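Undergrad: Go by the hints and put chain B onto chain A.
So you can see what is in the structure, the chains are spelled out below.
Number of protein chains: 2
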Amino acid sequence: MQNRFSKYIPALTWAREYDRTILSNDLLAALIVTIMLIPQSLAYALLAGLPPEAGLYASIAPIILYAIFGTSRALAVGPVAVVSLMTAAALGNIVEQGTAGYAAAALLLAGLSGLILLGMGLFRLGFIANFLSHPVIAGFITASGIIIAASQLKHILGINAEGHNLLDLVMSLIKHLPETNWVTLLIGALATGFLFWVRKGLKPTLRRAGVSLALADAATKAGPVLVVVLTTLAVWVFGLDNQGVKIVGEVPQSLPPLTLPSFSPELFRQLLLPAFLISIIGFVESISVAQTLAAKKRQRIDPDQELIGLGAANVAASLTGGFPVTGGFSRSVVNFDAGAETPAAGAFTAVGLAIAAVALTPLIFFLPKATLAATIIVAVLSLVDFSILKRSWAYSKADFAAVFITILLTLTLGVEAGVSAGVGLSILLHLYKSSRPHIAEVGLVRGTEHFRNVLRHSVKTHPNVVTLRVDESLYFANARFLEDSIQNRVAGDPDIRHVILQCSAINEIDFSALESLEAINKRLDEMDVKLHLSEVKGPVMDRLEKSHFLDELTGQVFLTQYEAARVAEEGCGTARSG
Amino acid sequence: MQNRFSKYIPALTWAREYDRTILSNDLLAALIVTIMLIPQSLAYALLAGLPPEAGLYASIAPIILYAIFGTSRALAVGPVAVVSLMTAAALGNIVEQGTAGYAAAALLLAGLSGLILLGMGLFRLGFIANFLSHPVIAGFITASGIIIAASQLKHILGINAEGHNLLDLVMSLIKHLPETNWVTLLIGALATGFLFWVRKGLKPTLRRAGVSLALADAATKAGPVLVVVLTTLAVWVFGLDNQGVKIVGEVPQSLPPLTLPSFSPELFRQLLLPAFLISIIGFVESISVAQTLAAKKRQRIDPDQELIGLGAANVAASLTGGFPVTGGFSRSVVNFDAGAETPAAGAFTAVGLAIAAVALTPLIFFLPKATLAATIIVAVLSLVDFSILKRSWAYSKADFAAVFITILLTLTLGVEAGVSAGVGLSILLHLYKSSRPHIAEVGLVRGTEHFRNVLRHSVKTHPNVVTLRVDESLYFANARFLEDSIQNRVAGDPDIRHVILQCSAINEIDFSALESLEAINKRLDEMDVKLHLSEVKGPVMDRLEKSHFLDELTGQVFLTQYEAARVAEEGCGTARSG
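For the protein sequence lines, the chains are A and B, in the order given.
For the first sequence, the UniProt record's numbering gives the first residue as 1, with consecutive numbering after it.
For the second sequence, the UniProt record's numbering gives the first residue as 1, with consecutive numbering after it.
Chain A with its partners taken away, still in its complex shape (with noise of 0.2 Å):
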């Protein structure tokens, strides 16, 4: 019972363990990533559409489920630019920003994408994750990026504009220029100046001025809340709210609500597959994170767990307020670089928001949203990174492709468009190299027993009798391909009596390839020509031997590519060299 509970609750495992110094430990890495969260939270419902508390509260409860039943040790669980980005375009298109209806339906998604993950989760489903090869993530996250950098630019610009995707944006952009906020431009573009400047310039300028690591790290880290600080001092003091700067306003002081998400069928229907895409992406993401800093310490991660974890945060967040959130990369490094040893530093994590929800929120009246967007842009940025452009071009044309058309279609029509197409694609290309495998003739290598092609070896071979090597497994994708290879060898060669198949580089043959396989028999009968098999592997040999196809079979199964050729040639002659 005990075995039971912790594999479906690993918190029941490190939590045995538990002492004074992992304590301390993981206190101190949730205060620093607390202070990291606070301003990313907020700009992250800004960038989903949302009023800034959600943010908060969709940091809260959902680190805290995520604790409990995630696998990873360092994951920092809540909303994420990509996801919040998919939040508003999945959104957009339904409900108007800024309503009621609007909150209900982030509700409805997280929840929908929190019973999806958890399903997943049970049924063990986390290998749909697969079907997202690695460049389209890379290419899909590169265009989401730019797309949200590009939608970002509207509060730094102070005006109105639109869009979900590159294009919708850019036209949007460019109708409203003239309506620029210049006080707010200016807020928006030192802030995003100076946060460049502290990714990129700070760390090095203390270096040199002789500052430690730890305190140079600090520093860059504590970025973000300066600005917050400076900012929302100025539009203060100044007034700047007066001239036009939009702040962030009035913000309930509360611990997270409970809610309740919207039960429209009409709704559910609609985000049904934003929701879906969203589960997907949200944990490929965020597993991979949990890969690399697992790895780190030789821990083990088990993905259908972290689907659960995560499917269970998704709910947390769609009962308190929240929208779909899923393992940060930056705030998960933050908080394995501070020290965290257990998910007990993302519960006190969660501590340490909602006591800024409670007490911090009325300081944050005058916080510009250009300031958000500023901290945005310089995040996402970071994510852009055309190089798998050049690296898949190098590699494979068709990995090439996959990547070149996920980033065009999600910039030029969205997301969803984006990734689905990717993921299309990915499969047609993947089922189109598998369906016109590499098939070699081979033939006996002079002085061995081994068979090699006769196109790159001086072999001999025998003209009664032809031997084809099929370098992939039989499966319905190439059942034709080798019914029509081995009909247009044999029809164009009269002299042929054996075709030998050698069967080295098949790990399965499926119930088409099989009924392919009795269709050649039967063809080559026909022809007068007999079909045999070599090298078939043990379980493939177990399949065989449960349909009728080997004792249809004209001819024989050799256990190895040099007897059957033996066998077969007996009875037709001497061998000619090729």
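Don't take every hint at face value.
Label pairs and their in silico Cβ distance ranges [what the hints assert, rightly or not]:
{"id": "1", "chain 1": "A", "residue 1": "E179", "chain 2": "B", "residue 2": "E552", "range": "44 to 52 Å"}
{"id": "2", "chain 1": "A", "residue 1": "L186", "chain 2": "B", "residue 2": "R489", "range": "51 to 59 Å"}
{"id": "3", "chain 1": "B", "residue 1": "Y432", "chain 2": "A", "residue 2": "L363", "range": "48 to 56 Å"}
{"id": "4", "chain 1": "B", "residue 1": "S6", "chain 2": "A", "residue 2": "L455", "range": "25 to 33 Å"}
{"id": "5", "chain 1": "A", "residue 1": "H457", "chain 2": "B", "residue 2": "Y432", "range": "33 to 41 Å"}
{"id": "6", "chain 1": "A", "residue 1": "P362", "chain 2": "B", "residue 2": "G424", "range": "50 to 58 Å"}
{"id": "7", "chain 1": "B", "residue 1": "G424", "chain 2": "A", "residue 2": "L167", "range": "24 to 32 Å"}
{"id": "8", "chain 1": "A", "residue 1": "E17", "chain 2": "B", "residue 2": "R489", "range": "21 to 29 Å"}
{"id": "9", "chain 1": "A", "residue 1": "P463", "chain 2": "B", "residue 2": "G193", "range": "51 to 59 Å"}
{"id": "10", "chain 1": "A", "residue 1": "R124", "chain 2": "B", "residue 2": "G101", "range": "49 to 57 Å"}
Subject to a maximum C-alpha distance of 16 Å in a straight line, what follows is the list of computed EDC-like cross-link-like pairs (lysine to aspartate or glutamate) [what the hints assert, rightly or not]:
{"id": "11", "chain 1": "A", "residue 1": "K530", "chain 2": "A", "residue 2": "D493"}
{"id": "12", "chain 1": "B", "residue 1": "K7", "chain 2": "B", "residue 2": "D304"}
{"id": "13", "chain 1": "B", "residue 1": "K296", "chain 2": "A", "residue 2": "D493"}
{"id": "14", "chain 1": "A", "residue 1": "K296", "chain 2": "B", "residue 2": "D493"}
{"id": "15", "chain 1": "A", "residue 1": "K296", "chain 2": "B", "residue 2": "D484"}
{"id": "16", "chain 1": "A", "residue 1": "K297", "chain 2": "B", "residue 2": "D493"}
{"id": "17", "chain 1": "A", "residue 1": "K221", "chain 2": "A", "residue 2": "D337"}
{"id": "18", "chain 1": "A", "residue 1": "K433", "chain 2": "A", "residue 2": "D471"}
{"id": "19", "chain 1": "B", "residue 1": "K297", "chain 2": "A", "residue 2": "D495"}
{"id": "20", "chain 1": "A", "residue 1": "K296", "chain 2": "B", "residue 2": "E518"}
Worth flagging that the hints you see were computed from the coordinates, not collected in a lab.
Source: prediction; values computed, not measured.
Virtual Cβ for every residue (Gly too), placed ideally from N, Cα, C.
TA: Using the frame of chain A, we list chain B on its own:
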């Protein structure tokens, strides 16, 4: 130039060898096929929801176009049962049957289907048809046969009934059952019973009575024509049309008219997916018939050229008052058995049908629709074969699932949902299987240089070295599984210092898998474990050399697993037994 033309117009090849013997063989085959096709063409038009003459028109120009562009010498192109059902299902939801719009939509459907096939042929995209696994096709055809038979019951009963899936059809039949026309039912039942008897009992009876095989065969084939003649006479003589028996009525005496499909963009959009499905299903059906017949004479079939032949045939159908066509099984077999040697037999059949369309149409005025329905029912019930369920269950549960879902959804939701779900599920199951490849931990078989699974064989292993053999190509669907497997294996055993990946069964490594290998290499490095590769295939190695992976690899690449294990173990001490 000659050769290039011959490639795209196979008729140029066989036309050069044409002589008087071939001519007389082709003419005889054409006569037999023409007689068989007259009732069949009328019946399939009825099934597609079109006026009877559309069936004749769809058999004339398409045959000629296929004769010019197709590569099969015996394939007979025209309306077939499954494609006619799909046509009715595609149009039934969009336009009302019996209207001019319905016939115009059928032309557009044939035109679109033709263009899709031509496009696939010219761009060599025939591999798309590989997405249809054999179990899905078998399930789809069985379910379609049942739906077709059920859809014809209304003609046998003389009532109205509608629906494109079994549930709707049966509900509708039950509702209208009280309106049964008893005279129609008598004709329908007698015709069906007689045709069944002709198919099953006539030939043995004649043979027992000492009739020659050829004559018995001919009598069997003449059965449908006899039923047409007898029931038409019965209606005419007894004036049964006044008793409520529905008849074919007036059919224009005309050669196929020149027609232009409708070009409404809305209709275009609605018919694109059905046209695509019809193209794929039609192509798969046709090519398997063509392959089977070609094998009997050691002839070649070029799948891409077949797409062009079928595409041209469908474009011709759309321009001459027809509807979607493909190569039919029964008509092609009859054509082949009757001795057709070249596609000219098809052209002669077209002439025969053109004569029928001009001269014989007044004779079928009194032909009862119940007779045509009986022809269809008897023909399609031979398509119904539930043994695929049993055979696939015995061989592979995944393939069984694909058949079962295809049959279930085709019967309950209709043809398009059924075939789409079947294709989707096949791909999903394939990716699922290859996403969790067999990964064996291997050790050295004593006294040899062979490495085998530690679980199945008594082998020598080393406490600090683990060797894993993946029995599958590495690509995006299993890249993460590989990461998880290796990380969990190593995280659980602190002694491990070397991981060797034996790559003998890996035919490909895509970009996702490459990035996973890079991540594995990096994570193992952080655990202070070296990663080695052994027995990497040539093409895979070529690929890897284009990337930075080999520079970053902490270990080495070995030609043989034996060498890899020896080098890795050298630095680690003595071996232990497993």
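Undergrad: Output the indices of the hints that this structure fails to meet, ascending.
TA: Structure breaks no hint.
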